[in-house]
Amino acid sequence: GAGVSQSPSNKVTEKGKDVELRCDPISGHTALYWYRQSLGQGLEFLIYFQGNSAPDKSGLPSDRFSAERTGGSVSTLTIQRTQQEDSAVYLCASSDRDREGYEQYFGPGTRLTVT
Amino acid sequence: SQKIEQNSEALNIQEGKTATLTCNYTNYSPAYLQWYRQDPGRGPVFLLLIRENEKEKRKERLKVTFDTTLKQSLFHITASQPADSATYLCALGGKLSFGAGTTVTVRA
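So the protein sequences, as listed, match chains A and B.
Every position in the first sequence, counted from 1, becomes a number in this note's numbering once 1255 is added.
Every position in the second sequence, counted from 1, becomes a number in this note's numbering once 1 is added.
Hints were generated in silico from the structure; no laboratory data involved.
Keep in mind that this is a model prediction, so the values were computed, not measured.
Be aware that a few hints might be false.
[Unchecked claim] Here are the computed lysine to aspartate or glutamate pairs in the DMTMM-like style, where the Cα-Cα straight-line distance is at most 25 angstroms:
hint: 1; chain 1: B; residue 1: K96; chain 2: A; residue 2: E1323
hint: 2; chain 1: B; residue 1: K72; chain 2: B; residue 2: E55
hint: 3; chain 1: B; residue 1: K58; chain 2: A; residue 2: E1323
hint: 4; chain 1: A; residue 1: K1272; chain 2: A; residue 2: E1323
hint: 5; chain 1: A; residue 1: K1266; chain 2: A; residue 2: E1340
hint: 6; chain 1: A; residue 1: K1312; chain 2: A; residue 2: E1358
hint: 7; chain 1: A; residue 1: K1266; chain 2: B; residue 2: E55
hint: 8; chain 1: B; residue 1: K96; chain 2: A; residue 2: E1275
Assemble the whole structure, with the sequences as input and the hints as a guide.
Given below as structure tokens:
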């Protein structure tokens, strides 16, 4: 079946602009995660959605970052007033929390470059 | 603070040999631990999950051990092949916390 998809695959933006990154999780997966992978920093958790519960935003680095998940499916990560330190690969993952195991299925990522 | 350490950044081995990767963690009490593979330009791919009550788990040529007393997991790739060359990541928790990864290169 279809895996997790993300768009765009690459995004170049000027400092100070807003960007929106999209994630389409695997159909039926109730949990959705956003991570950031920076050069030399490893993978860093940003935000987690589970069903209709309030999202866990504990990993968001600043209030310039926000995310929403509409209809329990597609999610959008928004970065306002982008800074050069926001340059990274943004990865989305989904999992079926109802199944034992909780392995996560990752999308290919969006590479964000802030100039 | 919580920390996950993987033994080395890079591991170079000859084809056919066993690669052994180490993941050590502090200030966690995980119910399970996961291993992922990441190829350049791609997202991580789930390989294995091992629970705290399991000592060992196998999947084809992969073997994972989990010692909650030592707070350590070992990941073995037996009969390694050049196609096994990738970065391997150890992860803990539901909101995954990842180690920095170990890049394995298998020489033909």
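For each hint, the structure was consulted:
In summary, the hint linking B:K96 to A:E1323 is supported, as the alpha carbons are separated by about 17 angstroms, within the 25 angstroms threshold. Between the alpha carbons of B:K72 and B:E55 the distance comes to roughly 13 angstroms, so the proposed pair stays at or under 25 angstroms and holds. Note on B:K58 and A:E1323: the hinted pairing is violated, with a Cα-Cα distance of about 37 angstroms set against a maximum of 25 angstroms. A threshold of 25 angstroms between alpha carbons decides the hint, and for A:K1272 with A:E1323 the separation of about 19 angstroms falls inside it, so the pair holds.
A hinted pair counts as satisfied when its Cα atoms are at most 25 angstroms apart, and A:K1266 with A:E1340 qualifies at roughly 14 angstroms. Straight-line distance between C-alpha atoms of A:K1312 and A:E1358 comes to about 20 angstroms, which keeps the hinted pair within the 25 angstroms bound. Distance hint between A:K1266 and B:E55 is unfulfilled; the C-alpha atoms sit about 43 angstroms from each other, more than 25 angstroms. This hinted pair checks out: B:K96 and A:E1275 have alpha carbons roughly 22 angstroms apart, not beyond 25 angstroms.
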